[in-house]
Amino acid sequence: MKKFITTMALLALTAVFSQNTANATALFYTNATYPLTATGAKAEDLNCLKKGTASTNNILYFIETGDAGIEQAAKNGNIKKITYIDVNEKTVFIFWRKITVTVYGE
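Going by the numbering used here, the sequence shown opens with residue 1, and the numbers climb by one from there.
Treat the hints with care, as some may be off.
Said to hold, decoys possible - When the alpha-carbon atoms are kept at most 30 Å apart in a straight line, the in silico DSSO-like pairs for lysine-lysine are as follows: (1) K75 <-> K51; (2) K81 <-> K51; (3) K80 <-> K50; (4) K80 <-> K51; (5) K90 <-> K50; (6) K50 <-> K98; (7) K75 <-> K50; (8) K51 <-> K90; (9) K80 <-> K90; (10) K98 <-> K75; (11) K81 <-> K50; (12) K90 <-> K75; (13) K51 <-> K98; (14) K98 <-> K80; (15) K98 <-> K81.
Said to hold, decoys possible - Across the chosen pairs, the derived CB separations fall in these ranges: (16) I5 <-> K80: 46 to 54 Å; (17) T33 <-> K80: 22 to 30 Å; (18) E106 <-> L60: 37 to 45 Å; (19) W96 <-> K2: 25 to 33 Å; (20) F4 <-> L46: 47 to 55 Å; (21) K2 <-> K51: 44 to 52 Å; (22) D67 <-> T6: 31 to 39 Å; (23) T7 <-> K50: 45 to 53 Å; (24) F62 <-> L27: 16 to 24 Å; (25) L36 <-> T65: 17 to 25 Å; (26) M1 <-> E106: 55 to 63 Å; (27) N78 <-> M8: 37 to 45 Å; (28) E106 <-> I63: 34 to 42 Å; (29) P35 <-> K98: 17 to 25 Å.
Calculated from the structure, these hints are not laboratory results.
Here a beta-carbon is modelled for each residue, glycine too, at the ideal position from N, C-alpha and C.
Whole structure, please, built from the sequences with the hints as guidance.
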């Protein structure tokens, strides 16, 4: 039993440290928003644009549900021309992770 727990702990730590994201993720808790791409819109102009979001939820790095794709976020906001994209990541150690993509455009 001790070997099993040790193995699972090592697998969990491997999952935490092997994320394929360009952003910095804290070990225990993260709530960060960062830009994914922009086409020249100023931040103050974003309030004048349509907004669409799409999210995924991940539990223990074993179960992930949702569609956080740019296309899905644009569809949810009825956006035809994308101007700016933000990504928000919320993480609680290895227990829970939520990625939300927010698309702004016309």
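A quick look at each hint next to the structure:
1. K75 <-> K51: Roughly 10 Å separates the two Cα atoms, so the pair holds.
2. K81 <-> K51: Holds, at about 11 Å.
3. K80 <-> K50: holds, 10 Å
4. K80 <-> K51: Distance of about 11 Å is within 30 Å: holds.
5. K90 <-> K50: holds, 23 Å
6. K50 <-> K98: Since the Cα atoms of K50 and K98 sit roughly 22 Å apart, the hinted pair holds (cutoff 30 Å).
7. K75 <-> K50: Holds - the C-alpha atoms of K50 and K75 are around 11 Å apart, at most 30 Å.
8. K51 <-> K90: Roughly 20 Å separates the two Cα atoms, so the pair holds.
9. K80 <-> K90: With Cα atoms ~28 Å apart, K80 and K90 stay inside 30 Å; holds.
10. K98 <-> K75: With a Cα-Cα distance of about 20 Å, the restraint between K98 and K75 holds, given a limit of 30 Å.
11. K81 <-> K50: holds, 10 Å
12. K90 <-> K75: holds, 23 Å
13. K51 <-> K98: holds, 19 Å
14. K98 <-> K80: OK: K98 and K80 at ~25 Å, within 30 Å.
15. K98 <-> K81: Holds, at about 26 Å.
16. I5 <-> K80: 46 to 54 Å: holds, 52 Å
17. T33 <-> K80: 22 to 30 Å: holds, 24 Å
18. E106 <-> L60: 37 to 45 Å: Cβ of E106 to Cβ of L60: about 39 Å, so the range 37 to 45 Å holds.
19. W96 <-> K2: 25 to 33 Å: holds, 26 Å
20. F4 <-> L46: 47 to 55 Å: holds, 49 Å
21. K2 <-> K51: 44 to 52 Å: At roughly 50 Å between Cβ atoms, K51 and K2 fall inside 44 to 52 Å, so the hint holds.
22. D67 <-> T6: 31 to 39 Å: holds, 35 Å
23. T7 <-> K50: 45 to 53 Å: Given a distance of about 48 Å, which is inside 45 to 53 Å, the answer is holds.
24. F62 <-> L27: 16 to 24 Å: 19 Å Cβ-Cβ, so the 16 to 24 Å window holds.
25. L36 <-> T65: 17 to 25 Å: Holds: the Cβ-Cβ distance is about 21 Å, inside 17 to 25 Å.
26. M1 <-> E106: 55 to 63 Å: Since M1 and E106 have Cβ atoms about 58 Å apart, the given range 55 to 63 Å holds.
27. N78 <-> M8: 37 to 45 Å: Taking Cβ atoms as reference, N78 and M8 lie about 44 Å apart, which means the hint holds.
28. E106 <-> I63: 34 to 42 Å: Holds - the Cβ-Cβ distance for E106 and I63, about 36 Å, lies within 34 to 42 Å.
29. P35 <-> K98: 17 to 25 Å: holds, 18 Å
When the structure is compared with the earlier hints, no violation turns up for any of them.
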